[in-house]
Structure formats: C-alpha cells, structure tokens
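Asker: Please work from the sequences and hints to get the whole structure.
Okay, here's what each chain looks like letter by letter:
Number of protein chains: 2
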Amino acid sequence: MQNILAPYLLCLGNETQLTFAKTAKGILDWRPEKCRGQIGLEGCTVDLGLDDITIEQASSKGIKTLVLGVAPPGGVIPTSWYPMLFSALENGLDIASGLHDKLIDVPNLVASAKSLGRQLFDVRHPSQSFAVGTGEPRSGNRLLAVGTDCAVGKMYSTLAIEKEMLERGLEVDFVATGQTGIFISGKGVSVDAVVSDFVSGAAEFLSPDNGPDHWDIIEGQGSLFHPSYAAVTLGLIHGSQPDALLLCHEVGRTEIIGTNNYPVPELKDCIDVYLNAARLTNKQAKFVGGCFNTSSLSDEQAKHYLIQMQQSIGLPCSDPYRYGVAKIVDGLLT
Amino acid sequence: MQNILAPYLLCLGNETQLTFAKTAKGILDWRPEKCRGQIGLEGCTVDLGLDDITIEQASSKGIKTLVLGVAPPGGVIPTSWYPMLFSALENGLDIASGLHDKLIDVPNLVASAKSLGRQLFDVRHPSQSFAVGTGEPRSGNRLLAVGTDCAVGKMYSTLAIEKEMLERGLEVDFVATGQTGIFISGKGVSVDAVVSDFVSGAAEFLSPDNGPDHWDIIEGQGSLFHPSYAAVTLGLIHGSQPDALLLCHEVGRTEIIGTNNYPVPELKDCIDVYLNAARLTNKQAKFVGGCFNTSSLSDEQAKHYLIQMQQSIGLPCSDPYRYGVAKIVDGLLT
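Chains as they are written, first to last, in the working numbering: chain A, 1 to 334; chain B, 1 to 334.
Among the clues, some could well be false.
Note: identical chains are not told apart, hence a pair may lie in one copy or across any two.
Pairs of lysine-lysine, DSSO-like flavour, derived with a Cα cap of 30 Å [said to hold, decoys possible]: (1) LYS22 to LYS163; (2) LYS187 to LYS327; (3) LYS25 to LYS327; (4) LYS268 to LYS283; (5) LYS22 to LYS187; (6) LYS283 to LYS25; (7) LYS102 to LYS114; (8) LYS102 to LYS286; (9) LYS303 to LYS25; (10) LYS327 to LYS303; (11) LYS268 to LYS286.
No lab work stands behind these hints: they were computed from the structure.
Answerer: Encoded structure:
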C-alpha cells in the first residue's frame, strides 16, 4: 500500500456542479494542507477557492500528485483529458484517480509513467492481493463506523473523531476504506472492490497490530441493512475487530437508498445486529456513540432530537458537522 | 454463463492419493452420466474405475471437455501438462479447470483455443461481471444450504435434495456456487471469487425468476461463523433470497476450521443468526431441515443423535449420506 504523495493539484475536470466534484471538496475540507491548487478543463465552472495552477507550474509549486477528484458521466476518463495526464507525468507529477475507468488502461500511460519514474494510483481498484482473514486478535484499539444505511456520514464522522483525538494529542490514525478517504489519508483500500474471499483479510491488513494507546479510526462501508452491500460491511466488521462501534444515521431517512421498500431499521435493532456481528471476532465490541446527520432539522429541533436519541440508546449522540464529537471522544476514552 | 459441455474426460494429473482428486470423484459420484473416461499422467496411481482414454481417442468417444479435477501443489498447472492441453484443443475438446492457476495464462493456449474454436473454462475465476444486487423479490422457490462452519457437507446435502426432488418428478435445479459444483452442474459461479460489491448480485443472477413450482437448490458457501469467509456467505444469503434454509453441521466439530479457538456455534444460535440475515431480503425465510455428517458415530449412535437433534431444533434431521433426505423433502413440500 503505497502513499499518494502530497501536495495535491485537484483536477476539477469539466464540472459545472459542485456535487460532481465532491471528492475534491472532501479532500480540501479535511486536508487543506495537502491541497495546493486546482485545475479546471474546458467548461469547468466549479471553484474550490484554491489557486488556479497549470500542469506546467505545478512542479515549481512543490506539487507531487495530480488528483482526479470528480465524477464524469459513467466514471469514464474523457479522451480530452489524455494530454493533461501525459503532461502531468512529463512535468514530474504522479496521478491519482478515483474514477471507475483505470489510468492503467489509458493507452501508453503506464509506459510513460514507467519511463519517467512516476506512479499511477487507481484508488478504486486495489492493485495488491490480500491474505484471507485469520480472526486472530491484534494489539492496539480500533473504532469502526457503521450505519443504518449507506451514505449516512460514516466517513465524515470518523474524520471528525480523528480530528478531535489529534487535537487532544492522542495517537490516532484515520483508516480509509473508500476512494475519497484514500485521497484524504494518502493511503487505504477500497474494500468494496476486493474479492469477497479476502475482504476481512484486507480489513486486517489495514489496521495491523499497534501500541496499547493507539487508535485506528476506521471508515465504514455500506450497511448490514442494505441488500446490495452487506457482504462488504460484514467482512469489514470481522476484519476490523472493532473495540468501539460508532452508529451513523441520517435523520428522516426511512427507505434504504437505492432500494424499493427496504425500511431503515430502528436504532435499537441496528445496534443489536451490529453487536452480534462484531462480537464474532471481538467479544468486547461495544457502541460508543451515535453520529446523526440532522441537516433536515432546525438547530432547536436537532438539539431536542439528539437528547431524545441519547436517552433512547444510552450513548452520547451528536451531529458531528453541527456540534462536533467531543462528547463521543470523552466517552470513548473513559 | 456458458455451459461446460459433457461428456467429460476426467484428468487425474500425477495424483497418487484420491483425496487430491476429490473434485473428479465428486463429479463422478453425482453425474456419472457425464463422465466417459479418465486420463492419468506420469506417476498417477489414482483410479476412479472409468475407462482409460487418451486425448487422441476422446473425440471419437463423443467426449466434449477435458476436466482438470485434481489439486496439484499450490494450484499450479504443471508445465508438463501443457502438451496434453494443446493436444486436447487440437483433438476437438474444450478444457475446464478448477485450479487456482488460470488456463488463460498458459502461454499461447488462448490463441490456440480461439483458432480452433474451442472454449477454456477457469471455473474458479468468474469471467463475467455482475450488477449489484437489488433485493427485489423474484418468482419461483429457493433453498439455500448454510453451515455451522465451512466444509460441513453443504454441497453434498443440496445435491442430495436435488436428486430426491428429481426422483419425485419435481421441477428442480441444483445451483452451483463453487468449483466442484460448477463441474457437476456444468455451469455456475464461484461466488467467493466475485468482487465483494457484487456478491449478492451474482447470487441474484444465479437464481433468477422462475415458475411457481420450480425450486432452485443453491449450494452454500462459507459460514456466518467463520471470521475469514462470512462476507461471502452473507452476500450469497441476501442475493439468494431463500424461502427455505437447510442447516448443515458435522457432528463432533467443535472448532471453526482454520481458526484458533473460534467455537462452532450451538445449533439454536446458528438458526437465529441465519434467519435474521435471510429475512432482510425474504421475510418468509425459514429452516426446513438439518443435514448432519455423522461419520464419527456408529449407526446406532447416529440414529439416536438425529432423533435428539430433531427434538431439539424441531426440524426433520438426517445424515444425507447414510439415510437420504426423503423426510426433509417431505417437509419442504408441505
């Protein structure tokens, strides 16, 4: 698992809507120190507020990697981008892509990278192989985010936990398991792209033995309640062997995303199901808090809701975006 | 998903022990009508009792496919086999392999197959891509075998159920999800080799909509209690949407295979965990019987044990190898 070197030049492609540049936005939100500039191509109107830097200028600005942090239609790398990609390599940059299409499939790009001594990172597609999981206990401490559904703020919540712990001077690492997280961390594995036999093994690889005071804060994936993706989630749970589970939920979501009539579970049922799953590989697994996306509520409603939830599930509850995660970290450390 | 054409010529490689030819033995046990001959290479002393047929004779005997049904060290295709492989193609045979090494990686074999109009099947390695699972209900009926552990007789049990149902003139198909099963069926998908995001989708593909009286009898994989492989099992459960679950267990097994101190679960706990998992995608899922490998017991002990189990879990229980599965099929159809 090689590191993607920072600083980054964030490529915004041809995007006109911020939502299709949300990977780039996420990197900037969580690792502003890694982001030294932005580059838009024809028609691009998205502006992240970074300096506009050309490929030719990038190297002199100390930039190490061109990051493709947008979502063109179908995840395809447009052929109109090819000149930029070759130019990046020629100007001394590595390239990292979160697209479905692979950089290594762009004609001649691998040969060019090789001859120039540059790296290509297709972060959606793990390039290494993993052993099967062993289930053997490991030293150190692990927290894993799990959700009532997909896309309920698991990555945001774990990054907020990491940030809070870093600010308290604790030994902590965010462990990325999906593409945006990998750009943010600089390393990680897209576990949903790992062959099913090796998912728990990949999770074991990602959070190896560590010191007694160290915490790996592991980005969750999918949901045990999603009929499409629960296999990924279960392998990640078993391999992560979490000591601490963080429950994530979006207020007002009633139907599992992308399904027809699959209900979002009750929080108490959700807690039971995740605990049963986690305790196969870690008998001490327990929930340490709930992170809620309360964006559909007013400030007053949100505070009231969080108090209610805290009473209902008996865990510190917050909206990490609005109110931070200090009280969850307080609980985690006691 | 293309059919592997029968009749087969079973290649026994250089094996001297039947246990390393158990794939070939399994095919012969369950589909004797598909097995027209055997071929051993240098040093081979295993004999399945089939006619010894050379590659040159095979076509004139009506044989369509050379099946590599053995397990050489490391799953490697020995280079000493290469002449046989090319000769098979030249003599009009397709080749199907259950080895870890791929036929398509044997130098020039793909080109030879293409020019001769022959097929190569690497049954461990799915060559097709799958959609993500939808969780949408499908017509027809499905039974899935699940286990207290891996390697407890799930394939044997489902093949026994299929055979019993065929003998009763019912509409039934065995659905293969692993390599030996694929040779037996002639088609299927090694679901443990599918990328984790698509496991439930592959399972949906394998047991599509069908008539109201039709049963797909789906071979299980792994176990929800195995820390290495539970992800595969959960994706298969969700995608299969089983109406009927068949519990499989090996009597006397106390530790999960390949692990250090993971206990085999109590049957009642096992039933609860599988039902909870299955009911995400099929609210009507229920257990219909237990299949036990009682080979460690005497006939008298086994009968006594099965009566006890039947009382304990309230389901028809049998050892399919010793006593068949008639009473489980009786229950399934009422």
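Asker: Determine which of the earlier numbered hints do not hold for this structure and return their numbers in increasing order.
Answerer: 6 and 8
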